[in-house]
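K.L.:
Chain by chain, the residues:
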Amino acid sequence: MELQTTIYIGVALSFLLYIGIAIWARAGSTSEFYVAGGSVHPVANGMATAADWMSAASFISMAGLISSMGYGGGLFLMGWTGGYVLLAMLLAPYLRKFGKFTVPQFIGDRFYSKSASTVAVVCLLTASLTYIIGQMTGVGVAFSRFLGVTSEMGIYIGMGIVFMYAVFGGMKGITYTQVAQYIVLILAYTVPAVFISFQLTGNPIPQLGLGSDLVGQDVSLLAKLDSVVTELGFGQYTTSVPGSTLNMFMYTLSLMIGTAGLPHVIMRFFTVPTVKDARSSAGWALVFIAILYTTAPAVAAMAKMNLLNTVTPGVVSGEVDVFAKDASLEFEKRPDWMKRWEKTGLLSFEDKNADGRIQYYNDKTTDEAVKAKVDEAGWQGNELTVNADIIVLANPEIALLPNWVIALIAAGGLAAALSTAAGLLMAISSAVSHDLIKNIFVPNISDKNELLTGKVSMAVAILIAGWLGLNPPGFAAGTVALAFGIAASSLFPAIMMGIFSKKMNKEGAIAGMLAGLLITLFYVFAHKGLFFVKGTDYLDMIGGANSFFGITPEAFGAVGAMVNFAVAFVVDKFTKEPPEHIQAMVEAVRIPRGSKSVDGAH
Amino acid sequence: MKDDQSSHAYWSATLALLGKILVIWFLASFGAGILFADFLNNFSLGGYPLGFWFAQQGSIYIFIALIFYYKKKMNELDVRFDVHED
Chain W
1 MELQTTIYIG
11 VALSFLLYIG
21 IAIWARAGST
31 SEFYVAGGSV
41 HPVANGMATA
51 ADWMSAASFI
61 SMAGLISSMG
71 YGGGLFLMGW
81 TGGYVLLAML
91 LAPYLRKFGK
101 FTVPQFIGDR
111 FYSKSASTVA
121 VVCLLTASLT
131 YIIGQMTGVG
141 VAFSRFLGVT
151 SEMGIYIGMG
161 IVFMYAVFGG
171 MKGITYTQVA
181 QYIVLILAYT
191 VPAVFISFQL
201 TGNPIPQLGL
211 GSDLVGQDVS
221 LLAKLDSVVT
231 ELGFGQYTTS
241 VPGSTLNMFM
251 YTLSLMIGTA
261 GLPHVIMRFF
271 TVPTVKDARS
281 SAGWALVFIA
291 ILYTTAPAVA
301 AMAKMNLLNT
311 VTPGVVSGEV
321 DVFAKDASLE
331 FEKRPDWMKR
341 WEKTGLLSFE
351 DKNADGRIQY
361 YNDKTTDEAV
371 KAKVDEAGWQ
381 GNELTVNADI
391 IVLANPEIAL
401 LPNWVIALIA
411 AGGLAAALST
421 AAGLLMAISS
431 AVSHDLIKNI
441 FVPNISDKNE
451 LLTGKVSMAV
461 AILIAGWLGL
471 NPPGFAAGTV
481 ALAFGIAASS
491 LFPAIMMGIF
501 SKKMNKEGAI
511 AGMLAGLLIT
521 LFYVFAHKGL
531 FFVKGTDYLD
541 MIGGANSFFG
551 ITPEAFGAVG
561 AMVNFAVAFV
571 VDKFTKEPPE
581 HIQAMVEAVR
591 IPRGSKSVDG
601 AH
Chain A
1 MKDDQSSHAY
11 WSATLALLGK
21 ILVIWFLASF
31 GAGILFADFL
41 NNFSLGGYPL
51 GFWFAQQGSI
61 YIFIALIFYY
71 KKKMNELDVR
81 FDVHED
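Those sequence lines, one after another, are chains W and A.
One point on numbering: in this note's numbering, the residue at position 490 of the first sequence is 490, and numbering is uninterrupted.
One point on numbering: in this note's numbering, the residue at position 66 of the second sequence is 66, and numbering is uninterrupted.
Among the hints, erroneous ones may be present.
When the alpha-carbon atoms are kept at most 27 Å apart in a straight line, the in silico BS3-like pairs for lysine-lysine are as follows [claimed, not checked]:
hint, chain 1, residue 1, chain 2, residue 2
1, W, 276, A, 72
2, W, 576, W, 503
3, W, 596, A, 72
4, A, 20, W, 502
5, W, 596, W, 448
6, W, 502, W, 573
7, W, 596, A, 73
8, W, 502, A, 73
9, A, 73, W, 276
10, W, 352, W, 373
11, A, 20, W, 503
12, W, 114, W, 503
13, W, 276, A, 20
No lab work stands behind these hints: they were computed from the structure.
Just chain A, with the same shape it has in the complex:
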């Protein structure tokens, strides 16, 4: 870290990224899989009712994508704020 300024900026950028990812995390599982499942069941994906699909399949695929997206973005942040490991 260069100075206090940049370390604070790094941390707020990190928190902003986490916030964004957690919103999607919540919408994919608790949202589509539980709270809106009944409504989504009016639509279907192949032979799957959509709400059921989110609860038993879709949310898991989204979780994986989120972690790899997080990893990519964090590594970019590390370099941008010059706090990466060598």
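Just chain W, with the same shape it has in the complex:
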């Protein structure tokens, strides 16, 4: 069967499965719509959380970024898994005991203030919307290649599909569709990796293959990769750091505490029956996530290996002088996958020295020895541009794997992007209809209208995210990292202080959230434009890019969180302490006994 037909069939089958489940589990009452009646088993909940969590950023974008960053890409791996330890220990069990539907409800009740709840809604909406923009970018990349449409068209199609099952299914639909999506996406990610690991190292387990010797050679894969990339003027794969060690530290921290502050993930822990289950759910979620996250570094390094071996045939399997006259690949003889990706505009070749061959190296290197060799070979600059977001999707094609594997990865990529977008839309919808409309503006709204408001807010969110996704502020994973920074700087500190500091009052919490959110947005918008609209950045005002100790905007969330804590504690010192019954409530939240099912605000 032709590749394109196989892909259509694979993607269509997976979609039928999800939509079928969504219709089968169609939600009835409001309570079911939001949290599936509090009756989901920890293992199922763990899988659903994993699917919800692993978005286009994890699936499509992350390994590509690791592939180009090398060792430094580990910040995504540690950041997006280490947060689960914080989530499991610091937040999940207590929020479950508290027994409300949403994060703004917790903040509103704990800080006995509707203003606090409103500020939390604003933080939640900002983080979730930024996150969905990243998802839409990923959806666009996936559709543009696999359905042969433009990336814009891909985004429009994605918007329609997400809307359908988020609106008609509700959370229950989503919980079970997400279990199905998890299975599809994890197979899609690991199957090609197993093939490739076996091809390169003879070891089918990618986690071990990455630490093995190359087939038929006496040198380890990583050592070989290090020597080839260094020869081409790139930083050594196993040690190169993004910016500085400080930046890598803050970036990792920002992703970790952002993980623990993202409302759509936290909401998951309201859906388990008991406090005990909330603790283990986070553990199970991390197990399922780790299967992908420990495979990703292998995918990244091996894709890099295969790409280099494509451009300079034989560079991996033997000793080839990359600078020799006929070493690099002739453009006319390039493989089919390159031609296919050229159509999307995400891969391109420009023959700068007009020799009809593709030279791929770091033309900005400062290594004199490399420069000398480049001059001698008559190279005029790097000729191949590969968008980092395509590495994972193109990976099975680069390794020349069978068509059904390529179809599988298409289905998996879409599952990842769509499932996360749906989970985020649930968080947005409940924040608007429950926490804003019902609790603040129209307290006596009917169940039916509340549900309707939720659906309308989802539709509006999809439109805004789709529109901004057409002009994204960066690679999918970079955009998503910004969302984590926003959650890290605004929501995480407030929730944490709400549980761990009995004396924290509403003035402190509100001031902290606002300070954290605003300073982070100020720094991010300076780099990326006001509300991510292109051309409205104001870098001059803050003294150039990364002017704060070389910290990139994606890593700034950790600074924002520190500001949040500091402001909250100072304001708390000068205002009066919270009433007696709130302090008693905090005591009660800390103890598992007496947990009941979630009751929301009915």
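Following the hints, put chain A in place on chain W, whose structure we already have.
P.N.:
Positioned in the frame of chain W, the structure of chain A alone reads:
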């Protein structure tokens, strides 16, 4: 909870456990994966330089172990201080 005394003891026991786990959490990721990675790269694990391994593999395995350890210990604490769910 039986009385105030035991609920305070439960909470300090909880905080002590969290503190212990967070130290390991920090050492596995920020320590071995970032701050001491260069030094650890002098050693290797199979074909992996050790610091690189912590940053891209090891820290994740340790995180999983930490959560399940936490769950086990917390459930024990719940029973010991008689605050568990029924």
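K.L.:
Evaluate each hint against the coordinates.
P.N.:
Hints versus structure:
Among the hinted pairs, residue 276/W with residue 72/A is consistent with the structure: their alpha-carbon atoms are about 10 Å apart, no more than 27 Å. Of the pairs offered as hints, the one joining residue 576/W and residue 503/W holds, with about 9 Å between alpha carbons and a cut-off of 27 Å not exceeded. For the given pair, residue 596/W sits about 22 Å from residue 72/A by alpha-carbon distance, which is consistent with the 27 Å threshold. The straight-line distance between the Cα atoms of residue 20/A and residue 502/W is roughly 22 Å, inside the 27 Å bound, and the hint therefore holds.
At most 27 Å may separate the alpha-carbon atoms for a hinted pair to count; residue 596/W and residue 448/W meet this at roughly 25 Å. Our distance criterion of 27 Å between C-alpha atoms is met by residue 502/W and residue 573/W, whose separation comes to about 13 Å. Proposed proximity of residue 596/W and residue 73/A is supported: the alpha carbons are some 23 Å apart, at most 27 Å. Proposed proximity of residue 502/W and residue 73/A is supported: the alpha carbons are some 24 Å apart, at most 27 Å.
Straight-line distance between C-alpha atoms of residue 73/A and residue 276/W comes to about 11 Å, which keeps the hinted pair within the 27 Å bound. Annotation: proposed proximity of residue 352/W to residue 373/W holds, straight-line Cα distance about 17 Å (limit 27 Å). Simply put, residue 20/A and residue 503/W have alpha-carbon atoms about 24 Å apart, close enough for the 27 Å limit, and the pair holds. As the CA atoms of residue 114/W and residue 503/W are separated by approximately 18 Å, the hinted pair is consistent with the 27 Å bound.
For the hint pairing residue 276/W with residue 20/A, the CA-to-CA distance comes to about 20 Å; that is within 27 Å, so the pair holds.
Every hint, counting from the list given before, is met by this structure.
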